[in-house]
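S.K.: The chain contents come next:
Protein chains: 2
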Amino acid sequence: MMKPIKVGMLGLGTVGTGVVRIVEGHQEDLARQVGTSIEITRVLVKNLDKERNISIDSSKLTDNVDDILNDPEIDVIIEVLGGIDPSKEYLKTALRNGKHIITANKDVVALHGTELMELAEKSKCDMMYEASVAGGIPIIRTLTDGFSSDRITKIMGIVNGTTNYILTKMSQEGAAYGDVLKEAQDLGYAESDPTSDVEGLDAARKMTILAKIGFNVNVELSDLTVKGIAQITKEDIAYGKKLGYEVKLLGIAERKDDSISVSVQPTMIKLNHPLASVGGVYNAVYVYGEAVGETMFYGPGAGEMPTATSIVADLVSVAKNMRLGTNGSKLPPAYRVKKLITDEQIDSKYFLLLNVADKAGVLARITQVFADYEVSLESVFQQPNATNPSAEIIVITHIANKAAMNKVMADFKNLEVVREIRSVYRVEG
Amino acid sequence: MMKPIKVGMLGLGTVGTGVVRIVEGHQEDLARQVGTSIEITRVLVKNLDKERNISIDSSKLTDNVDDILNDPEIDVIIEVLGGIDPSKEYLKTALRNGKHIITANKDVVALHGTELMELAEKSKCDMMYEASVAGGIPIIRTLTDGFSSDRITKIMGIVNGTTNYILTKMSQEGAAYGDVLKEAQDLGYAESDPTSDVEGLDAARKMTILAKIGFNVNVELSDLTVKGIAQITKEDIAYGKKLGYEVKLLGIAERKDDSISVSVQPTMIKLNHPLASVGGVYNAVYVYGEAVGETMFYGPGAGEMPTATSIVADLVSVAKNMRLGTNGSKLPPAYRVKKLITDEQIDSKYFLLLNVADKAGVLARITQVFADYEVSLESVFQQPNATNPSAEIIVITHIANKAAMNKVMADFKNLEVVREIRSVYRVEG
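Same order as they appear, the protein sequences are chains D and V.
Residues in the first sequence are numbered consecutively from 0, following numbering that gives the first Met the number 0.
Residues in the second sequence are numbered consecutively from 0, following numbering that gives the first Met the number 0.
Accuracy of the hints is not assured; some may be wrong.
Below, simulated DSSO-like cross-link-like pairs (lysine-lysine); rule was C-alpha separation at most 27 angstroms, straight line [unchecked claim]:
hint: 1; chain 1: V; residue 1: Lys241; chain 2: D; residue 2: Lys269
hint: 2; chain 1: V; residue 1: Lys233; chain 2: V; residue 2: Lys168
hint: 3; chain 1: D; residue 1: Lys49; chain 2: D; residue 2: Lys233
hint: 4; chain 1: V; residue 1: Lys49; chain 2: V; residue 2: Lys87
hint: 5; chain 1: D; residue 1: Lys226; chain 2: D; residue 2: Lys241
hint: 6; chain 1: D; residue 1: Lys319; chain 2: V; residue 2: Lys240
hint: 7; chain 1: D; residue 1: Lys240; chain 2: V; residue 2: Lys168
hint: 8; chain 1: D; residue 1: Lys241; chain 2: V; residue 2: Lys240
hint: 9; chain 1: D; residue 1: Lys241; chain 2: D; residue 2: Lys358
hint: 10; chain 1: V; residue 1: Lys153; chain 2: V; residue 2: Lys255
hint: 11; chain 1: V; residue 1: Lys168; chain 2: D; residue 2: Lys269
hint: 12; chain 1: V; residue 1: Lys123; chain 2: D; residue 2: Lys123
hint: 13; chain 1: V; residue 1: Lys49; chain 2: V; residue 2: Lys5
hint: 14; chain 1: D; residue 1: Lys121; chain 2: V; residue 2: Lys2
hint: 15; chain 1: V; residue 1: Lys153; chain 2: V; residue 2: Lys337
hint: 16; chain 1: V; residue 1: Lys319; chain 2: D; residue 2: Lys319
hint: 17; chain 1: D; residue 1: Lys338; chain 2: D; residue 2: Lys406
hint: 18; chain 1: D; residue 1: Lys240; chain 2: V; residue 2: Lys241
hint: 19; chain 1: V; residue 1: Lys329; chain 2: D; residue 2: Lys329
hint: 20; chain 1: D; residue 1: Lys319; chain 2: D; residue 2: Lys59
hint: 21; chain 1: D; residue 1: Lys319; chain 2: V; residue 2: Lys123
hint: 22; chain 1: V; residue 1: Lys168; chain 2: V; residue 2: Lys241
hint: 23; chain 1: D; residue 1: Lys2; chain 2: V; residue 2: Lys329
hint: 24; chain 1: D; residue 1: Lys319; chain 2: V; residue 2: Lys337
hint: 25; chain 1: V; residue 1: Lys241; chain 2: D; residue 2: Lys241
hint: 26; chain 1: D; residue 1: Lys168; chain 2: V; residue 2: Lys241
hint: 27; chain 1: D; residue 1: Lys5; chain 2: D; residue 2: Lys49
hint: 28; chain 1: D; residue 1: Lys269; chain 2: V; residue 2: Lys240
hint: 29; chain 1: D; residue 1: Lys5; chain 2: V; residue 2: Lys329
hint: 30; chain 1: D; residue 1: Lys240; chain 2: D; residue 2: Lys168
hint: 31; chain 1: D; residue 1: Lys401; chain 2: D; residue 2: Lys153
hint: 32; chain 1: D; residue 1: Lys348; chain 2: D; residue 2: Lys337
hint: 33; chain 1: V; residue 1: Lys401; chain 2: V; residue 2: Lys255
hint: 34; chain 1: D; residue 1: Lys401; chain 2: D; residue 2: Lys241
hint: 35; chain 1: D; residue 1: Lys329; chain 2: V; residue 2: Lys319
hint: 36; chain 1: D; residue 1: Lys241; chain 2: V; residue 2: Lys269
hint: 37; chain 1: D; residue 1: Lys269; chain 2: D; residue 2: Lys240
hint: 38; chain 1: V; residue 1: Lys87; chain 2: D; residue 2: Lys123
Rather than coming from a laboratory, the hints here were simulated on the basis of the structure.
Please model the entire structure based on the sequences and the hints provided.
M.R.: As structure tokens, this is what we get:
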């Protein structure tokens with residue numbers, strides 16, 4: 000029997016509390032899998048005297064991180080502080096001191112993952128981060144182990160619960176963005192400063208991590224184009240529905256030959272696509288592999304217990320590796336040269352909502368622009384606007400390349416009959 | 000650099016061909032992950048001279064299994080023959096000869112998995128079987144690794160593509176079972192003898208495997224209650240839809256305290272449940288964990304390339320273990336004592352379709368029977384039957400225990416006003 004595995008935890012907020020609950024509640028099952036017991040021996044907190052809704056021996060709490068990072072007895076560090084500073088430095092020190100690290104911190108993993116991974120390899124330590132993307136969905140394992148034999152060509156993710164909650168409500172109730180956002184803030188589903196969620200930045204960090212693992216390329220946050228949900232109107236959603244689409248904030252990572260592209264943007268997704276029915280705060284990741292075809296993984300994207308589940312699953316993996324003496328044996332995921340896809344190479348359908356002058360020949364002028372750049376159309380739908388002498392035209396294109404669409408858009412801006420390009424969405428499914 | 004890993008394959012049908020395609024097509028990626036190359040050196044076939052739609056060196060083919068099982072150079076055996084005999088004996092010999100085994104064979108794993116697993120442990124060999132359940136969905140890994148920290152309490156699976164195809168068609172087209180089955184046979188989606196699929200036996204074998212892993216209990220096929228889809232009428236599906244349900248052949252494994260129950264049966268599932276929209280030949284497995292909550296894993300349940308993906312992912316795992324010297328280190332999954340749930344402990348909603356005499360007081364008589372056994376009703380819906388002087392009553396109960404429902408059913412059989420209990424379904428979602 001191996002000696003107990005000792006864990007130091009940085010942070011005891013919502014997720015940290017969940018980790019304590021699982022490790023203590025499932026002692027027997029964990030020991031059965033690992034071959035020894037797992038003990039959380041020290042926990043870093045800001046305030047030693049704070050009331051907590053969990054019973055934890057106060058002698059385990061410390062407000063001095065060195066008590067944990069420099070404790071030679073501690074084998075594994077779980078970081079649930081969030082944010083870049085000081086988490087990143089704590090994790091680096093932990094690795095330098097020979098401790099395995101498990102983190103739920105998408106910011107650190109997205110921005111400094113490569114550096115940490117290299118340090119982990121050098122220190123023969125494990126670095127695990129299942130909880131950093133899509134909370135309770137074991138998507139990191141699925142990409143690295145489950146699909147290890149396949150060539151993944153597309154990953155599409157609903158990886159931000161707040162925006163998915165907002166879009167689901169807008170769709171179900173025909174409500175406006177601002178109203179639903181306020182309601183979500185009142186319910187605690189959205190932060191008082193919702194920028195990171197609604198502008199797509201949180202999703203972008205998660206997609207950086209998924210794309211890197213899925214494509215084995217060193218994707219950086221700055222490689223992504225990112226667009227949030229604040230411009231989505233209830234009309235967009237209503238028109239989408241009419242044509243059989245749901246609007247979702249999708250992270251899209253795709254590979255074409257040797258080049259990749261990663262983006263986050265509101266997307267019209269066909270109602271019969273498995274991602275279209277992912278509602279509320281749930282997350283889902285759709286993975287297309289050349290051999291396996293279409294797959295999707297659905298579950299809670301955040302929350303105390305789901306996120307803690309992923310962290311403790313990582314802890315089980317680290318502990319098994321310790322028992323087998325195989326820590327730090329994971330190959331670094333980014334062995335391919337990074338080449339980014341150009342606009343000419345991005346092929347997709349598009350949804351456009353145009354506000355146009357309501358007079359003869361307008362539709363002919365507009366469809367001619369598409370024809371000029373060889374963009375063919377799947378459906379066109381025109382209706383008068385009730386309030387002023389103009390009409391609305393909705394167009395869904397066949398698959399077109401983005402460069403051609405950019406030219407179409409530029410022409411529309413110079414075309415007198417087009418009063419406004421009200422909305423442009425990528426279309427999937 | 001380790002020496003190449005040599006693989007012998009038993010069978011070169013559809014799935015075997017896919018395995019060759021992936022191993023040859025992804026040589027570089029596989030070597031990158033494993034640290035050495037992987038070679039399929041011998042393949043057992045029935046007919047050496049058969050034309051094959053894959054180019055393979057004819058010197059690799061053999062019709063003598065001993066050329067593979069007794070070849071000391073071969074490290075890993077992949078079995079894609081299917082059926083119990085002679086696959087089981089081949090796998091046992093392989094293990095006795097110190098070879099790791101990978102199998103896609105749900106029959107062998109469901110019926111003889113424990114015996115093989117014990118032999119594998121004794122021989123310090125790996126035994127992997129990701130492809131035996133739900134083809135391309137990495138559900139075995141998800142249960143063993145992804146949810147290693149959680150206590151799974153329910154697994155519901157659409158794990159048979161043929162029956163899901165038939166039910167999807169019946170639902171979409173309002174067609175009768177017999178007609179759709181014939182069409183599926185013509186298209187090659189159903190076997191000419193469809194018994195194993197439509198009677199739920201194939202799904203039962205897969206659920207045996209999932210329940211065993213999910214609950215760490217030595218579930219045997221004989222522990223399951225199994226019902227197929229042949230009795231489902233288009234009326235059942237139409238009434239279900241009217242009330243917001245889709246009929247699916249579901250495997251349901253559930254745990255209550257220390258007892259478990261595993262079954263396969265047609266089930267009415269609420270339209271907003273993630274399993275309800277799984278259509279066609281696709282598979283999906285819904286997993287509920289106490290900590291993680293609701294999750295679902297969706298993908299192709301069969302087919303050359305999806306199944307081959309899972310087999311080669313297993314091969315990567317075996318090869319990594321070889322590199323690290325950790326083969327056979329997996330703990331056996333069934334360490335809990337098996338206790339089966341009694342009917343009194345199975346709680347579920349039910350859907351009933353009754354044909355009753357169309358006269359005063361009938362509904363009162365019927366609802367009294369439910370009341371007698373304290374089964375409360377969620378909705379009741381009555382309509383006259385166009386063709387004869389009787390009425391149809393559809394009832395959806397609140398959660399009731401199965402023992403009480405059995406008593407309700409027995410009373411209905413003796414009740415003069417109930418002409419026929421036309422359908423009974425469990426309800427989920």
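S.K.: Run every hint past the structure and note whether it holds.
M.R.: Here is what the structure says about each hint:
| no. | hint | result |
| --- | --- | --- |
| 1 | Lys241/V / Lys269/D | holds, 24 angstroms |
| 2 | Lys233/V / Lys168/V | holds, 11 angstroms |
| 3 | Lys49/D / Lys233/D | violated, 44 angstroms |
| 4 | Lys49/V / Lys87/V | holds, 25 angstroms |
| 5 | Lys226/D / Lys241/D | holds, 24 angstroms |
| 6 | Lys319/D / Lys240/V | violated, 48 angstroms |
| 7 | Lys240/D / Lys168/V | holds, 24 angstroms |
| 8 | Lys241/D / Lys240/V | holds, 22 angstroms |
| 9 | Lys241/D / Lys358/D | holds, 24 angstroms |
| 10 | Lys153/V / Lys255/V | holds, 9 angstroms |
| 11 | Lys168/V / Lys269/D | holds, 20 angstroms |
| 12 | Lys123/V / Lys123/D | holds, 25 angstroms |
| 13 | Lys49/V / Lys5/V | holds, 24 angstroms |
| 14 | Lys121/D / Lys2/V | holds, 25 angstroms |
| 15 | Lys153/V / Lys337/V | holds, 16 angstroms |
| 16 | Lys319/V / Lys319/D | holds, 15 angstroms |
| 17 | Lys338/D / Lys406/D | holds, 24 angstroms |
| 18 | Lys240/D / Lys241/V | holds, 22 angstroms |
| 19 | Lys329/V / Lys329/D | holds, 18 angstroms |
| 20 | Lys319/D / Lys59/D | holds, 25 angstroms |
| 21 | Lys319/D / Lys123/V | holds, 17 angstroms |
| 22 | Lys168/V / Lys241/V | holds, 17 angstroms |
| 23 | Lys2/D / Lys329/V | holds, 19 angstroms |
| 24 | Lys319/D / Lys337/V | holds, 26 angstroms |
| 25 | Lys241/V / Lys241/D | holds, 22 angstroms |
| 26 | Lys168/D / Lys241/V | holds, 25 angstroms |
| 27 | Lys5/D / Lys49/D | holds, 24 angstroms |
| 28 | Lys269/D / Lys240/V | holds, 22 angstroms |
| 29 | Lys5/D / Lys329/V | holds, 22 angstroms |
| 30 | Lys240/D / Lys168/D | holds, 14 angstroms |
| 31 | Lys401/D / Lys153/D | holds, 17 angstroms |
| 32 | Lys348/D / Lys337/D | holds, 25 angstroms |
| 33 | Lys401/V / Lys255/V | holds, 14 angstroms |
| 34 | Lys401/D / Lys241/D | holds, 25 angstroms |
| 35 | Lys329/D / Lys319/V | holds, 10 angstroms |
| 36 | Lys241/D / Lys269/V | holds, 24 angstroms |
| 37 | Lys269/D / Lys240/D | holds, 9 angstroms |
| 38 | Lys87/V / Lys123/D | violated, 40 angstroms |
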